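Generate the whole structure from the sequences, applying the supplied hints.
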Amino acid sequence: MTPLLCVQGITKRYGAHIGCTDVSFDLYPGEVMGIVGESGSGKSTLLNCMAGNLAPDAGQVVFDTRCDGPRETISMSEPERRMLGRTDWAFVHQHARDGLRMGVSAGGNVGERLMALDERHYGDIRDKASDWLGRVEIDASRIDDRPTTFSGGMQQRLQIARNLVTGPRLVFMDEPTGGLDVSVQARLLDLLRGLVRDMGLSAIIVTHDLAVVRLLADRLMVMKDGHVVEAGLTDQVLDDPQHAYSQLLVSSVLQV
Amino acid sequence: MIELKHVSKAFTLHNQGSAVIEVINDVSFAVAAGECVALTGASGAGKSTLMRMIYGNYLTQSGQILIDDLDLVQAEPREIITLRRDVLGYVSQFLRVVPRVPTLDVVAEPLRLLGVSAVDAQRRASALLHQLNIPERLWSLSPTTFSGGEQQRVNIARGFTYNFPAILLDEPTASLDAANRDVVLSLIEDAKARGAAIIGIFHDEAARSRVCDREIDISRFTPGMVA
Amino acid sequence: MTHQDNYNFAYLDEQTKRMIRRAILKGLAIPGYQVPFASREMPMPYGWGTGGVQVSAAVLTPEDTFKVIDQGADDTTNAVSIRTFFQRTAGVATTTATQDATVIQTRHRIPEESLGEGQILVYQVPIPEPLRFLEPRESETRKMHSLEEYGLMHVKLYEDISRHGHIATSYAYPVKVEGRYVMDPSPIPKFDNPKLGDMAAIQLFGAGREQRIYALPPYTNVISLDFEDHPFEASKANHPCGMCGSTDSYLDELIVDDAGRRMFICSDTDYCETRQAAGHKGKDAA
Chain A
1 MTPLLCVQGI TKRYGAHIGC TDVSFDLYPG EVMGIVGESG SGKSTLLNCM AGNLAPDAGQ
61 VVFDTRCDGP RETISMSEPE RRMLGRTDWA FVHQHARDGL RMGVSAGGNV GERLMALDER
121 HYGDIRDKAS DWLGRVEIDA SRIDDRPTTF SGGMQQRLQI ARNLVTGPRL VFMDEPTGGL
181 DVSVQARLLD LLRGLVRDMG LSAIIVTHDL AVVRLLADRL MVMKDGHVVE AGLTDQVLDD
241 PQHAYSQLLV SSVLQV
Chain B
257 MIELKHVSKA FTLHNQGSAV IEVINDVSFA VAAGECVALT GASGAGKSTL MRMIYGNYLT
317 QSGQILIDDL DLVQAEPREI ITLRRDVLGY VSQFLRVVPR VPTLDVVAEP LRLLGVSAVD
377 AQRRASALLH QLNIPERLWS LSPTTFSGGE QQRVNIARGF TYNFPAILLD EPTASLDAAN
437 RDVVLSLIED AKARGAAIIG IFHDEAARSR VCDREIDISR FTPGMVA
Chain C
484 MTHQDNYNFA YLDEQTKRMI RRAILKGLAI PGYQVPFASR EMPMPYGWGT GGVQVSAAVL
544 TPEDTFKVID QGADDTTNAV SIRTFFQRTA GVATTTATQD ATVIQTRHRI PEESLGEGQI
604 LVYQVPIPEP LRFLEPRESE TRKMHSLEEY GLMHVKLYED ISRHGHIATS YAYPVKVEGR
664 YVMDPSPIPK FDNPKLGDMA AIQLFGAGRE QRIYALPPYT NVISLDFEDH PFEASKANHP
724 CGMCGSTDSY LDELIVDDAG RRMFICSDTD YCETRQAAGH KGKDAA
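So the protein lines, in turn, are chains A, B and C. Taking the working numbering as reference, the numbering of the first sequence is continuous, increasing by one, and the terminal residue is 256. Taking the working numbering as reference, the numbering of the second sequence is continuous, increasing by one, and the terminal residue is 483. Taking the working numbering as reference, the numbering of the third sequence is continuous, increasing by one, and the terminal residue is 769.
For the record, the hints were derived by calculation from the structure and aren't laboratory data. Just so we're clear, the structure is a prediction, and the values are computed from it rather than from any experiment. Check the hints yourself; a few may be wrong.
As the list claims (entries may be wrong) - Below 27 Å or equal to it, Euclidean Cα-Cα: the simulated DSSO-like pairs (lysine-lysine) are:
(1) C/K626 x C/K719
(2) C/K719 x C/K766
(3) C/K766 x C/K639
(4) A/K128 x C/K659
(5) B/K448 x B/K261
(6) A/K128 x C/K639
As structure tokens, then:
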């Protein structure tokens, strides 16, 4: 089977400081990969390099596109990469404000990607937006409200709807539950689990929260100081960590 | 169906002076379709550890663990995930669930992962919950607030919803009363009859003798344990 | 009248006119594309038509006849000022008759009378960027234009329909030019939008404060943006002109007394007067 995403040797330096170094892995359709580490581990740098938001100093990211087969995305032209970012790829930011247009209604936010892909029927666009609001458990009556009137959890769910409306195959998530109340996090994780399963999504999730990866990720990479120190099945890495840092990380989590 | 060849494992605790703890040394045995094999041995012998190794939850240092021709020790994570979805079931000692999911959905999940419709999966889950005497009024609640015995029965229901060709059971009858123990043992017998290969850990000798064809004493393979 | 000796023809020096003409040529070559230009200090402040004045200054020749309208009228203070400005600095003939003018500078209206192949229409533009109110970053809007990413434009129209039940944009209605660039036609009423396309005259747009020039060469394809189920409508008030009786010109609504009585009159004063001179009379004509 062809990997959906083939990451090879991604390296990014900030002067003498290592952001991330020589990261490689393959991601297959339907797999969810978690990347954990503490602040400064390089996980966000890695995510942004893969998603095309940062230019890495070295490495390749090959994505299996629908029309043209495997394509290297770092050397893609900007229009192509931006198109990829609107269709097959999605990026969920930690802060909903970075991923939403706060001055546009919920329906407009969800419909924007559709309109960017030349959909020109107002009624259809509105129906699809409504449908998606339902799927992320936002009441359909809020379709014309601005996200500034939404709670943090609702804003995050709106961001997810906005990203998933075009049926992407790969979703990048940067701390999707960061900053949310615990009960809100639980609801969001339930939702993500369901969507990942129902839509057959592949995802790469960066987080410092081990509970999030245990719930959502099939595979796990542990990062420290820009290096991947351990990788494997999520439950195996969390229950039987081999590397000293992984063991430290796992043992530091408080059992409530 | 399930075959272990010269399997060994040690834990290295890096943050505790790099202490190395050998837990299993050179285990080999096989379980055929329709067989139920019990792992026995004193507490701490490594029975649960071995079971987790067979499930891929613990890393195996050396040897081969072949399940339906896939060597777990060398397999890619996605191969193990596919195996766990299609072939290998595991009922651990403790119920681990996603918070807030209703019991019916917890039990239906393995079938949903296989693409079975929500309606059909829930129907099958209901049948099992009935069999295991979980009252219907509890089905819409999360099992996290249930008693130990109820949780164990939900755990078992989840493990038997799909007819796995290979099943691992860790203390399936502990914390159950006689009636429910009987139900669980019948489920195991049914699974055997349709050709599943089963490895189980049973504290209860009566249960062991009823469903198991063979016993393997794990303390033989535990370094530092007297058989 | 010859122009005053202490000014170069049409006020601007020749090098500046050259720079502006280059921008104009570029704009004509890429219809709808906003060409940056080095906007000069003019003897009126920003927001008073400096863009239009600079474009007019660059295209005027001594043989031209110049007309200035402000929301359709030749006789507002600003129209009169600009007309006088060019009388003094260029010495060109001026007129209020649309068909006699060779260069027409306009603020926020297109003349009712069809323009011909020898004429140039110069628009005054406040904000040239149609996406500005949705995307404040210039870096982003430039990318959107260059990559033809116009989804956001339709988001604006979507928002209108969701809030008002119809596309509420009534002026500065965005258009797509030659199927490529989305353009802001300046704050003309949407009633005027259909005139933009296939016009025989050259249309030039100047934004002085924002320092952009864009253009529509003659017979350019210009389509107003809309949705399939909410098509564009060039609407206007449901009245005939009170003075000349015209039913197909854009009207100004005037409150004539303290009782709130209102009268609707053609916004294009030359058009209205020409019709009245030809004998047409509206119900409010004296």
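- Query: Would the pair A/K128 and C/K659 pass a check requiring their Cα atoms to be no farther apart than 27 Å?
  - Reply: Status holds; Cα separation ~26 Å.
- Task: Measure nothing beyond the straight line between the CA atoms of B/K448 and B/K261; if it is 27 Å or shorter, mark the hint as holding.
- Result: holds (23 Å)
- Does C/K639 lie within 27 Å of C/K766 when you go C-alpha to C-alpha? violated (40 Å)
- Straight-line alpha-carbon gap C/K719 to C/K766, limit 27 Å: Within the cut-off at roughly 19 Å; holds.
- Message: Run the distance test for C/K626 versus C/K719: straight-line Cα separation, threshold 27 Å.
- Response: Roughly 35 Å between the alpha carbons, so the hint for C/K626 and C/K719 is violated.
- Message: What's the verdict on A/K128 and C/K639, does the C-alpha distance respect the 27 Å limit or exceed it?
- Response: holds (18 Å)
When held up to the earlier numbered hints, the structure conflicts with 1 and 3 and fits the remainder.
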